Amino acid sequence: GTYPLPEAQTDRFLLKIKVDYPTLDDEMKIVDLYTAPASRTTVKKQIDANALQVVQQWTRQMPIANDLKKRVLKIIQITRTNKELIEYGASPRASIGLILAAKAHALLSGRNHVSKEDIEAMAYPVLRHRIILNFEAERKGMSTDDAIQEILKKA
636 GTYPLPEAQT DRFLLKIKVD YPTLDDEMKI VDLYTAPASR TTVKKQIDAN
686 ALQVVQQWTR QMPIANDLKK RVLKIIQITR TNKELIEYGA SPRASIGLIL
736 AAKAHALLSG RNHVSKEDIE AMAYPVLRHR IILNFEAERK GMSTDDAIQE
786 ILKKA
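Using the working numbering, you'd call the opening residue of the sequence shown number 636 and step up by one each time.
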């Protein structure tokens with residue numbers, strides 16, 4: 636079965652991506668795929684290990700301005716000090732993860748530098764499993780994404 640992981644283990648995952656339920660049409664395709672007679676599926680290799688390592692190197696080499704690095708650190712710091720919303724803030728792994736994810740986002744967007752928009756786009760998947768809302772925020776019906784939005788406004 637599945638069970639929730641402790642915070643120390645979830646912190647080791649780079650991203651938490653929200654996946655909604657499929658549409659009726661998509662679910663029909665899923666049902667058809669898994670209830671039809673078995674057939675051999677061929678998988679076409681999209682990238683080899685060497686090419687993947689090159690892309691990883693490009694990501695790490697992507698420049699990020701010091702003011703944007705400081706913005707990332709400020710975002711993470713606010714998760715630790717914003718006691719109105721957050722019980723437990725993000726660890727230093729979150730700082731590293733947000734910078735690397737922003738670099739990858741910039742690379743995949745065809746740019747050779749990190750922007751504020753890259754940081755804001757990746758803040759949600761990088762932080763949503765790394766912060767724990769306090770009782771007051773939960774009582775107000777806030778989600779972690781709501782808290783992240785507030786943090787980004789303050790940073």
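Honestly, the hints are just simulated from the structure, not real lab data. Any given hint could turn out to be false.
Taking lysine to any residue pairs in the SDA-like style, the calculated list, with each CA pair at most 25 angstroms apart, reads [what the hints assert, rightly or not]: (1) Lys775 / Arg715; (2) Lys751 / Ile699; (3) Lys751 / Lys775; (4) Lys679 / Tyr759; (5) Lys789 / Asp661; (6) Lys788 / Glu773; (7) Lys789 / Gly745.
Bear in mind that the values here come from a model prediction, so they are computed numbers and not experimental data.
Quiz item: What hints, given by number in increasing order, does this structure fail?
Solution: 3, 4, 5 and 7
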